[in-house]
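Protein sequence lines correspond, in order, to chains A and B. Quick note: the first sequence uses numbering that gives the first Met the number 0, first residue 0, plus one each step. Quick note: the second sequence uses numbering that gives the first Met the number 0, first residue 0, plus one each step.
Read the hints as simulated data drawn from the structure, not as lab findings.
Identical chains blur together in the list; that is why a pair holds if it fits in one copy or across any two.
Below, in silico cross-link-like pairs of lysine to aspartate or glutamate (DMTMM-like), each with a Cα-Cα straight-line distance of 20 angstroms or less:
hint: 1; residue 1: K6; residue 2: D264
hint: 2; residue 1: K377; residue 2: E315
hint: 3; residue 1: K318; residue 2: E386
hint: 4; residue 1: K347; residue 2: E386
hint: 5; residue 1: K12; residue 2: D266
hint: 6; residue 1: K6; residue 2: E263
hint: 7; residue 1: K335; residue 2: D314
hint: 8; residue 1: K325; residue 2: E188
hint: 9; residue 1: K387; residue 2: D352
hint: 10; residue 1: K325; residue 2: D314
hint: 11; residue 1: K347; residue 2: E28
hint: 12; residue 1: K6; residue 2: D266
There are 2 protein chains.
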Amino acid sequence: MIAQHYKDMLGAKSVIREISEWSTARGKEIGYENVFDYSLGNPSVPCPPQFTEACLDLLEHTDPVALHGYTPTLTLPEVRAQVAESLNRRFGMDYTAGHIFMTSGAAGALAHAIRCVGVSGQNIVTFAPFFPEYKPYVEGAGLTLRVAPPRVEDFQINFDALDGLVDENTAAVLINSPNNPSGVAYSAETLTRLADYLTATGKKYGHHIFLISDEPYREIAFGGVEVPYPAKFYADTLTCYSFSKSLSVPGERIGYVAVNPHAEDADYIVPMCGQISRGTGHNCPSGLFQWAVGRCIDLTSDLQVYETNMNLIYDELKKLGFTVSKPDGTFYIFPKALEEDANAFCRKAMAYDLALVPGDTFGCPGYFRMAYCIGTEKVRRSFAALEKFVHEVYGVEV
Amino acid sequence: MIAQHYKDMLGAKSVIREISEWSTARGKEIGYENVFDYSLGNPSVPCPPQFTEACLDLLEHTDPVALHGYTPTLTLPEVRAQVAESLNRRFGMDYTAGHIFMTSGAAGALAHAIRCVGVSGQNIVTFAPFFPEYKPYVEGAGLTLRVAPPRVEDFQINFDALDGLVDENTAAVLINSPNNPSGVAYSAETLTRLADYLTATGKKYGHHIFLISDEPYREIAFGGVEVPYPAKFYADTLTCYSFSKSLSVPGERIGYVAVNPHAEDADYIVPMCGQISRGTGHNCPSGLFQWAVGRCIDLTSDLQVYETNMNLIYDELKKLGFTVSKPDGTFYIFPKALEEDANAFCRKAMAYDLALVPGDTFGCPGYFRMAYCIGTEKVRRSFAALEKFVHEVYGVEV
Chain A
0 MIAQHYKDML
10 GAKSVIREIS
20 EWSTARGKEI
30 GYENVFDYSL
40 GNPSVPCPPQ
50 FTEACLDLLE
60 HTDPVALHGY
70 TPTLTLPEVR
80 AQVAESLNRR
90 FGMDYTAGHI
100 FMTSGAAGAL
110 AHAIRCVGVS
120 GQNIVTFAPF
130 FPEYKPYVEG
140 AGLTLRVAPP
150 RVEDFQINFD
160 ALDGLVDENT
170 AAVLINSPNN
180 PSGVAYSAET
190 LTRLADYLTA
200 TGKKYGHHIF
210 LISDEPYREI
220 AFGGVEVPYP
230 AKFYADTLTC
240 YSFSKSLSVP
250 GERIGYVAVN
260 PHAEDADYIV
270 PMCGQISRGT
280 GHNCPSGLFQ
290 WAVGRCIDLT
300 SDLQVYETNM
310 NLIYDELKKL
320 GFTVSKPDGT
330 FYIFPKALEE
340 DANAFCRKAM
350 AYDLALVPGD
360 TFGCPGYFRM
370 AYCIGTEKVR
380 RSFAALEKFV
390 HEVYGVEV
Chain B
0 MIAQHYKDML
10 GAKSVIREIS
20 EWSTARGKEI
30 GYENVFDYSL
40 GNPSVPCPPQ
50 FTEACLDLLE
60 HTDPVALHGY
70 TPTLTLPEVR
80 AQVAESLNRR
90 FGMDYTAGHI
100 FMTSGAAGAL
110 AHAIRCVGVS
120 GQNIVTFAPF
130 FPEYKPYVEG
140 AGLTLRVAPP
150 RVEDFQINFD
160 ALDGLVDENT
170 AAVLINSPNN
180 PSGVAYSAET
190 LTRLADYLTA
200 TGKKYGHHIF
210 LISDEPYREI
220 AFGGVEVPYP
230 AKFYADTLTC
240 YSFSKSLSVP
250 GERIGYVAVN
260 PHAEDADYIV
270 PMCGQISRGT
280 GHNCPSGLFQ
290 WAVGRCIDLT
300 SDLQVYETNM
310 NLIYDELKKL
320 GFTVSKPDGT
330 FYIFPKALEE
340 DANAFCRKAM
350 AYDLALVPGD
360 TFGCPGYFRM
370 AYCIGTEKVR
380 RSFAALEKFV
390 HEVYGVEV
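With the rest of the complex left out, here is chain A (with noise of 0.2 angstroms):
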């Protein structure tokens, strides 16, 4: 007998796919080149020469018993060992490889560091706007996410929120910074609140609350900016990173955990990844992804486009009266939309084949996502059809 739960959960279809597979039909007939397609948030540059040299190196001069063979069960210590050494000398932390867990993807990182700190029947708060896999994220573990409301005027973290949010079964707190779908980063004040208040809520409750920072954003900063590095805030604190968006390879899925040695039982956290990967099916990321990632450790793509682009979008979108909050990194921006339903507004604006998605699915209502990792070509020849679309729907004067 089929899993019912498993089979309910069919019918609810993401909203962003379905406004990707709206212009991905729309694209069949009148080009997709004519769809202002800002819906799904796909790298659209390559990965870096040096990543495909990387791979090809390998291939061409590793024993493939070796290369290909299983890798340890707490994944590669070589690898580990560079992730420790990079994340030490860029944010002044002290790693050792045994507090990295190499993982698939931000996914793999975060259903691991969700079962580290939580077990069933607790709750995780998180703040809105969020990434809606957050949800069966938690879920899956056996947990309940609890969303706290929007500080719209700046994305920041709303704390009076919070306490209502948190009580005696919380596990931990998510944070997504530089955020999708804000592309605001939280700043250095933001960080040292929510490590006061997470260590004086967790004295209240007499149990460490920690912290899960899901950071696959963190090297697409704008304005030469390094974003904060939120474990340098607390000690409980669990970053979970994925190299999909920084070196563009999203599907070969290969990120990490990082454990801050400060944290409580911090030396117990890597050897229970590897028990509870037991439990998943998730058993190491490939490894001849993780050796590659290890050879590019410090590269990125040339994520140049991206900042072009919301420099653009930012700029058009405040001349036309848009109220939006400027993007610190990632290749979103989260405007307000011009009516209060973002749901019609973006329903609306297909017309003028755009492509925009609704806050709703965010828990953030009334605002809109533009994913713009697309062509910079492509974004001036959108302005056009934004103008059109504001000015007949809306009547703002252009």
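Dock chain B against the given chain A, drawing on the hints supplied.
Here is chain B on its own, set in the frame of chain A:
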């Protein structure tokens, strides 16, 4: 606060891994070439050159954005179609791409299959001797593993024990043919009887009982014989496969679940796998390796060495008077120890630099496993040590 039940698991070490670690340590003292290490099931032959060529060609001649991009939630349709076509041609099945879901090895396949057909509180029945990782796989999904005692005369299924184990809460029966550790493949007669039993028992309890067939060793069959394909015998079968052993690429984590098109709710099961993936953080195996196995779908490594080794070891064991079933495939053999306590037997063998794994860990006390995925020259050299061991310790005339 870290999750105590995972922390508690850290004490329990795998017996196989302990013996393997002893071999490595002993190798540092006397040279690893002098340790007769029959402990680990790690393929010893390289992947076929076509696999390396496929990877190189994909890396050199595919747009990296497409090659390394996200694969669809239900994995690559082209590769799923190649798997279906190959299975149909070889086993007379009628799979379509819609019945295939690519996974991170057999571990990923089993994690999905178990969650597709079982819910928390149910049980899954398997047969000793069995791969010890089945326990965390099943328990990780919230089910209980029940183990039927072995039928030691030929390592086929012990049907007498089944009725006491299968009940109204049995979600599935889990088999592994050819079997790790016995090397024995289930005969057509065994599979027919099992199918009849499951059909009748499913009717009795008013729900379909699924068969989960774990087949990573399917391609390692001896004497030119193809082992019977379990899904051919029973409609409600989920076949779990890994390319780890057939292509010698265990570290790249690539396999699949194949859903018999005649199974209950067959068309829902692959979409359900997509949902299950979200909760476990599985989210597709590597895109490069999905494409690469698609190009090598009917190839294997040169597996001849395993049969050569098996024949040498089987003849030697028979010569020394061991009770042993001749393997039909795999790279394992599972003889009866020369004393009741196989742990003691294996411990004493260490003094002769022989690394053997006691059968207790496979639910079959009194037997021991030899993994002969090592060079034939070492197999030959090991016989002097084996003969000295059984002569000096057990008085066997050699």
